[in-house]
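Top to bottom, those sequences are chains P and H.
In this text, residue positions in the first sequence follow the UniProt record's numbering: the first is 1, and each later residue adds one.
In this text, residue positions in the second sequence follow the UniProt record's numbering: the first is 1, and each later residue adds one.
You may find that some hints are simply not true.
Below, computed lysine to aspartate or glutamate pairings styled on EDC-like, alpha-carbon distance capped at 20 Å [unchecked claim]: (1) P/K149 / H/D665; (2) P/K39 / H/D121; (3) H/K657 / P/D253.
Quick caveat, the hints were computed from the structure, so don't treat them as lab data.
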Amino acid sequence: MDFLRPTTWADALAAKAERPEATPIQGGTDVMVEINLDKGRPAALLDLNPVAELRDWSSEDGWLRIGAGVSYTRLIDELGDRLPGLAQASRTVGSPQIRNRGTVAGNLGAASPAGDSHPPLLASDALVEAESVRGSRLIPIGEFYLGVKRNALEPDELIRAVRVPYADGPQYFSKIGTRNAMVIAVCSFAVALHPSRRGVGTGIGSAAPTPRRAPEAEEFLAGELDWDGRTAVPDETARRFGELVARAASPIDDVRGTRDYRVHALAVMARRTLGWAWTEYRGI
Amino acid sequence: MSIATGQVQGVGQSLLRPDGTLKVTGEFAYSSDLWLDGMLWGATLRSPHPSAWIRSIDVGPALAMPGVFAVLTHQDVPGVKFYGLEHKDQPVLAIDQVRYQGEPVALVAADHPETARRAADAIVVGYELREAVTDPRQAAFDPACPQVNPHGNVVRHQPVRVGDRFTADVVVTAEYEVGMQDQAFLGPESGLAVPAEDGGVDLYVATQWLHVDQDQVAPCLGLPKEKVRLTLAGVGGAFGAREDLSMQIHASMLALRTGKPIKIVYGREESFFGHVHRHPAWMRYEHGATADGMLVYVRAEIVLDGGAYTSSSPAVVGNAASLGVGPYEVDNVWIDAYGTYTNNPPCGAMRGFGAVQACFAYESQMDRLAEACGLSPVEIRIRNAVSQGSRLATGQVVDTPAPLAGMLRELAAMPLPGPGSTDLRALPGGVAQTTHGEGVRRGIGYGVGIKNICFSEGFDDYSTARVRVELLGGEPHVLVHTAAAEVGQGLIMVKSQIARTELGIDRVTIVPADTTVGSAGSSSASRQSYVTGGAVKAACEAVRERLDKLRAGGASLAEVLAAGPVEETREYRHRPTFPMDPVTGQGDSHTQLALCVHRAVVDVDVELGLVKVVELAAVQDVGRIMNPLALEGQIHGGTAQGLGLALMEEIQVRDGKVLNPSFTDYLIPTILDMPPMRLSILENPDPHAPYGLRGAGEPPTLSSTPAIAAAVRNATGLALARVPIRPDDIALAGSALAG
Ligand SMILES: Cc1cc2nc3c(=O)[nH]c(=O)nc-3n(C[C@H](O)[C@H](O)[C@H](O)COP(=O)(O)OP(=O)(O)OC[C@H]3O[C@@H](n4cnc5c(N)ncnc54)[C@H](O)[C@@H]3O)c2cc1C
Numbered sequence: 001m002d003f004l005r006p007t008t009w010a011d012a013l014a015a016k017a018e019r020p021e022a023t024p025i026q027g028g029t030d031v032m033v034e035i036n037l038d039k040g041r042p043a044a045l046l047d048l049n050p051v052a053e054l055r056d057w058s059s060e061d062g063w064l065r066i067g068a069g070v071s072y073t074r075l076i077d078e079l080g081d082r083l084p085g086l087a088q089a090s091r092t093v094g095s096p097q098i099r100n101r102g103t104v105a106g107n108l109g110a111a112s113p114a115g116d117s118h119p120p121l122l123a124s125d126a127l128v129e130a131e132s133v134r135g136s137r138l139i140p141i142g143e144f145y146l147g148v149k150r151n152a153l154e155p156d157e158l159i160r161a162v163r164v165p166y167a168d169g170p171q172y173f174s175k176i177g178t179r180n181a182m183v184i185a186v187c188s189f190a191v192a193l194h195p196s197r198r199g200v201g202t203g204i205g206s207a208a209p210t211p212r213r214a215p216e217a218e219e220f221l222a223g224e225l226d227w228d229g230r231t232a233v234p235d236e237t238a239r240r241f242g243e244l245v246a247r248a249a250s251p252i253d254d255v256r257g258t259r260d261y262r263v264h265a266l267a268v269m270a271r272r273t274l275g276w277a278w279t280e281y282r283g284i
Numbered sequence: 001m002s003i004a005t006g007q008v009q010g011v012g013q014s015l016l017r018p019d020g021t022l023k024v025t026g027e028f029a030y031s032s033d034l035w036l037d038g039m040l041w042g043a044t045l046r047s048p049h050p051s052a053w054i055r056s057i058d059v060g061p062a063l064a065m066p067g068v069f070a071v072l073t074h075q076d077v078p079g080v081k082f083y084g085l086e087h088k089d090q091p092v093l094a095i096d097q098v099r100y101q102g103e104p105v106a107l108v109a110a111d112h113p114e115t116a117r118r119a120a121d122a123i124v125v126g127y128e129l130r131e132a133v134t135d136p137r138q139a140a141f142d143p144a145c146p147q148v149n150p151h152g153n154v155v156r157h158q159p160v161r162v163g164d165r166f167t168a169d170v171v172v173t174a175e176y177e178v179g180m181q182d183q184a185f186l187g188p189e190s191g192l193a194v195p196a197e198d199g200g201v202d203l204y205v206a207t208q209w210l211h212v213d214q215d216q217v218a219p220c221l222g223l224p225k226e227k228v229r230l231t232l233a234g235v236g237g238a239f240g241a242r243e244d245l246s247m248q249i250h251a252s253m254l255a256l257r258t259g260k261p262i263k264i265v266y267g268r269e270e271s272f273f274g275h276v277h278r279h280p281a282w283m284r285y286e287h288g289a290t291a292d293g294m295l296v297y298v299r300a301e302i303v304l305d306g307g308a309y310t311s312s313s314p315a316v317v318g319n320a321a322s323l324g325v326g327p328y329e330v331d332n333v334w335i336d337a338y339g340t341y342t343n344n345p346p347c348g349a350m351r352g353f354g355a356v357q358a359c360f361a362y363e364s365q366m367d368r369l370a371e372a373c374g375l376s377p378v379e380i381r382i383r384n385a386v387s388q389g390s391r392l393a394t395g396q397v398v399d400t401p402a403p404l405a406g407m408l409r410e411l412a413a414m415p416l417p418g419p420g421s422t423d424l425r426a427l428p429g430g431v432a433q434t435t436h437g438e439g440v441r442r443g444i445g446y447g448v449g450i451k452n453i454c455f456s457e458g459f460d461d462y463s464t465a466r467v468r469v470e471l472l473g474g475e476p477h478v479l480v481h482t483a484a485a486e487v488g489q490g491l492i493m494v495k496s497q498i499a500r501t502e503l504g505i506d507r508v509t510i511v512p513a514d515t516t517v518g519s520a521g522s523s524s525a526s527r528q529s530y531v532t533g534g535a536v537k538a539a540c541e542a543v544r545e546r547l548d549k550l551r552a553g554g555a556s557l558a559e560v561l562a563a564g565p566v567e568e569t570r571e572y573r574h575r576p577t578f579p580m581d582p583v584t585g586q587g588d589s590h591t592q593l594a595l596c597v598h599r600a601v602v603d604v605d606v607e608l609g610l611v612k613v614v615e616l617a618a619v620q621d622v623g624r625i626m627n628p629l630a631l632e633g634q635i636h637g638g639t640a641q642g643l644g645l646a647l648m649e650e651i652q653v654r655d656g657k658v659l660n661p662s663f664t665d666y667l668i669p670t671i672l673d674m675p676p677m678r679l680s681i682l683e684n685p686d687p688h689a690p691y692g693l694r695g696a697g698e699p700p701t702l703s704s705t706p707a708i709a710a711a712v713r714n715a716t717g718l719a720l721a722r723v724p725i726r727p728d729d730i731a732l733a734g735s736a737l738a739g
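Looking at chain H on its own, in the form it has when it is part of the complex (with noise of 0.2 Å):
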């Protein structure tokens, strides 16, 4: 798309993003909008058992339905039958066997979308039931559990040893419990594979990473890579859900089967068995402290259901060790993080990963330690927060600003809200009219978290970017090509805006992302401003030097360019991170660390549990500001989905199936349960990123969460030790409340 603009539209400027209106005035065209003439309607079979086996799939029914082209099990997949994001543990179409309710069985072609879906439903498969492994502790701890993967039910192990003084004047104790959080994303997984004449296939799909896809697409259809050409369609939100694949692979085979394009978009209900979700967590605290609130020692065991396939678990594990502690100094640390395998909904990539579910607990357990010593929850915090110089519980060194203390000063300095209003949209339980104020107490709380940005323990993580400057109706123009996906977070005004600066021209123009360049590695870990951003600055100042070579002698850039465009690509690595020891989980893990840190005013009607969020205030060091409006709109969005984990989103699974996969009962907050928010952004730069920038997208959901949690405490004087909090937790934890 093309950004008209003026000079002055570059780093550091509030620009309104191309596609906002757009979005707002639905005439944004999504994936789910694709369409071509004489395509066919993909559906997928799911499993509506959490464990079996498949004794026999007859898909005759299907088949003998008129207007229904094809019928695919596993037997069709045409190369590797199983895909993955870390381990290739997924088969493409259930083999023999399922290990989650949700597992695509088999794939329908046909003529309507109806069609497709009724033929899925005439396909006969002959399930033989087995005990499905539901609890996670049980799954990693019982030697007697049935394993649901071939390697045993622990993806991963990760432990954390540091110092060997575990015993202090002070100590904590709890356990801590997060839900099941799905990102809930607008457009679901959707898109169109279209048979190309090379017996390829050109795939427009929503996703994070087009070439992570590609990578695993090619293997599955047998097909060299450079024959699976991806290009990213309109995408209606990610937070990490599209990270693992979803319908590539199914439309694919179908349409190379058929030889016609093919749509797939998954309804509401089917995208909630159709990606991952957030890991729930089951985490044990133990906090040592001296009288005075000096943290002696942490240890912790936290324990991740990754559901029934590997999907992004390791990393997850990764964090929540490497980060288990907090944004705190701690010279004895003893952490033991796993993920497992259990036949629940697969868990992966979600906004945060990891550092999430570890920052509930630790930060839940400060506030402990805080009452314990008779401190404030403020106070602890300073005294015990991590600055430059500071080691990690990694032993990892903070070698760029992380001026918590004072960010934490900041946030307790800033106005309080007034008292509530008896408006109905300002009380608890909303216009419904729970409350005219009755059994309403304020409370205020505290986060603080610290999120790792790009990909960490050794991962090559890169981006590539094309720039080339060139003559369009006799003004200069830029074109920036990178295959980065955008998800929502704006970087096509990033990219522009770099462009602009770097490069002093007006007129810029983004190139759809595709798999044509090279890989800017996904759009997630808070990363792309980082990485995308740095080649698209590196490949701009490479096209810069090129152009005041050619105008040396005095030429006017249009002269230059006269004669041809100028292109450069670069790639941009930011340094390199390491492994952590998998016996002492000691090693420099994470390239780049960000700090946000919340406080939370909320009303709560004790007597119903009912909440109302009053104000959430933040303040958020991102190093360089890179377009305030859409830095705010991250840091507003990021607040949201951490209260919705607080106060409200779950997807409830009983047995292994899930009991609410709709909008109906997978409640998300709306502008009435989100509040006003009071920012303050600091700009203290890390000298080892482009412009000093820090990713931004992630930390406001790790610190709103416990803010908001440690609030609704401080109110009702329960301990609420399990997110969401539930309107049962408060309403029936006594009767010593009832006001």
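Isolated chain P (complex conformation) (with noise of 0.2 Å):
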């Protein structure tokens, strides 16, 4: 196995053009357990650690642009107050020791239907910024997974950045596991409240072949929230659009957990953040 180890930007799109086949390492939370488990042997390491502009982060015209090296850890700190709902989720992926390591492009690399941070990527219009030699592309989160542990990128592309617009409305997330800490999601669920645009945003985790919105769910409470006069959502709205989340679904039966408890759990947490969601929104 080589070890390829870019110290610039420019040099890890080169190492990747050349070497397609290898696998990018960034906190080395999946990667490593991977090859600990001896699930395929990657015949090159691409390290990205060393390449320094990948841990920063920026912001312009209210999106901020969290380079693919930032930690979860730092994602918390630095950026919560403006992405809760992705701070939130990153506050339930593993332990500290894995949230010091760990990254949101990891989780995106990975794309394992059960990462924390897709249902608020997607509830909140998130874009991957991708780059290869050939040039860089934004690739909306919707667009960005394909299927089990596959995404959009293509064998020469790496991510250099995911691209969230600032929380212009309540966030939430909410997860389920069967243990209080450092669980895989059995099931997850993120909403974004966007009154900019009398908008609702969603993300289902776990219960698909793919991280997922809930279009049908969206639309409907759009349409259904008083969002000028800020009443109270009628408990038939709530569990009307926890159905609906609970439709968009399509889990199965597996060792963390059964599909019935899955629908069950989605319209639960769906109707829960609505309402915590709300509440926020109506300022009491």
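Each chain sits in its own coordinate frame; assemble them with the hints.
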């Protein structure tokens, strides 16, 4: 196994162009586990840790550009106020050690349906900034996940950054696990209210082959909410929203939980997160 | 290791363990850290199938790989081809068939661990699959079921028969199930086998009982016992999983074949296949009582699945049968406890074995009975509690203090925790934020357990200690040598405390455990403080007696020791026990019994089925507190393991195959799952035991599980007859609860 260690972004792109089969490694919290479990041995590892520019984040026009090397711990500490949904999700990832190493870009690279950053990225219409020696492009998050552990990156592309708009309204993330910390999601859900455009964003995790939104639920709720009067959401509306979210999922029975439980839990989480978000929006 | 101390560090003192800081900082040398220049790495090829004939094994492709030194199959086992703790029925390497997924088939030695693993994968085994027997009740009771073991599918059937009145005013009947728990120790099976010049082997290994390993390894290697010498390497937890052999014979075979030191370290996934688990259980209980809640009779059928080989199933069945009604007075008992052979993963020893499974069922029954009689859970237990002088279901009279009713009163009187906080970490679901309080209901539950301490049923259970006092640098110094395995329980502290107390000498060195001293018996059944503690005490007393004689003329200790060291070796045995009658189950089968009671307070999100244990309170009678700090650690740890069984820990098996052999999906409690504990530790001495102590490691593991299950039932109103309780069991039980 070759170990490639470029020190600049340009060199990293060149290396990936030359060795498209090389596996990028950032925090290594997925890559090293796979290697230890002997699940396929990469021909080469492309270590992105020496690439300093990946560790930066910046903000422009109401968007945050989060470099691929920014750890969950830093994201929570430095950006949590502007990205509450992503910060809440980040807080549930693994343990402090894992959050010190792991990154959102790594979560995207792995593209596991259970990855915790996916639902809030979906709910807030994030963009994945992919780059190769051929150039750079922005992939809308909804087009990024192609299948179980498959994403839209080309073989010569690397993730440079994730772009997420500042929260323009309340955001909540909720995740079911069978213990109270350090657990892979049985299923998860994120909601983001976008009062500026009277829209609702959603994201469902661990309940389909890929993370996905619940478009019907989003549309329904956006039309029902009393954006101006800010009156309470009728129980019936909240319940219907939950049902539509659950209906958008296509979960399976597996070792972490049953299909029926996931469907049930998604509806509950959708209803509850909506309740918290709307209470916050109403300012009470 | 040497422990420099002040005179005060004797029996009853809280002492920090010398290995504690090393373990926390990652500097402790575990068996997996062993290293010798020139050593080779061993790897094990295991069966992917739970049941199959082996038609062919082609080791050629593995042998052809550069770096490979040896590839061995059952044909290469130099001596006896089977081993086992109670019956020697487990092949060292599979012969013509495999009976469980993960059964070792072949071994490889190579100059790099990865080469060894790749070579093992290159071995071509021709399997012919056959139907796996995976339903233990079918295995035991259906005569048409294929036989997994040549002796039939029942390892042991132990009945208990007392009295003849099996009718009562109030009758509650239910079936209970306990899932397969794993010991989940952190240090995987590992060790180093070094070939010796005399044709023997020196084995450095993490185990629970060096001498029983020696007894099993030597015949398989075709060597006399004295040529197989074992030394305890750093043990990363045990909980029963190291009672059976894992890599001991395999590494030794490879070492003898290659003439080089062999290291074997299992990975985490392999570890799940490399040791036995806790028997899953299916239990049908019927309790009869008078209208005011006095027990009239208990009937029970207990089926414990032992999987493919015997391991310690017979003793597990014995415990489930003899302790099957719990610490209650009942005049009429009809129990049938069975251990079965199936093609499921082998099960054997785990903390509290046999007693843990039965405890979940009988305690659940006591709660049902309380409800049927309109009594509180505490009151019904007090009314039926054993005390000194009570007769157990086996006819054995409890002849030492057993103040269960008082323990329950004390537990019930402890203050309850306040209402739940809104901090996410204090709510069900934790920081994953599944609730801000919606759907959360509080519940309280109680559990009581009784555990036999030391080996039972007539086993010749003893330990050996060699104690030597000598001058080192002009100062008197004690050396304590036993073969007892320190597996994390703190025995090294207890031994040094006893030596200081008995000899009045500060400087004590605990010599590494090995087979150059007599057997200490197993670090299991909560027995080492009792038995090895007893042996150390006896040896110290013998040394003291000699020193006292030598000093009779008024000489100082230093003057006496200047003439040379004083050394004594002693064996210590507890009171003998007796077999259970095979038909009636009667007999004084246990030497000591220990009680622990738990109260659990839980918050349950009844809509999502998630549980936060808010507080666990316990009262335990330990006879004599040897080291308060270590003891509290044992009670906390045992309680946490019981919490794991109640709420999350289960090896999921389908069609004989393990679905979750990793810590990603085999969940053990984290610090956010385990609440603070309120403890009351009683010291009612057992006059038969050294210092009056009672074994303490297992009892808390029994009672915490039913207490938590009862609290969850109390919060949800659901019957919940199976542990671990899964979110589905609560959330999908009915929409009536949705709040
Ligand atoms: C104990 C433990 C607990 C965990 N708990 C959770 C959890 O609760 N929730 C959760 O979501 N995940 C969890 N994970 C998984 C893991 O931590 C996350 O997926 C994390 O986000 C991965 O980030 P990383 O930087 O470590 O990725 P790496 O392991 O370095 O890489 C992951 C994948 O992304 C690719 N990659 C990395 N960087 C780039 C890049 N710049 N461009 C293109 N591809 C790239 C890699 O090639 C690889 O395929 C856990 C892991 C462990 C070991």
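Hints versus structure:
| no. | hint | in the structure |
| --- | --- | --- |
| 1 | P/K149 / H/D665 | holds, 18 Å |
| 2 | P/K39 / H/D121 | holds, 13 Å |
| 3 | H/K657 / P/D253 | holds, 16 Å |
Of the hints listed earlier, there is not a single one the structure fails to meet.
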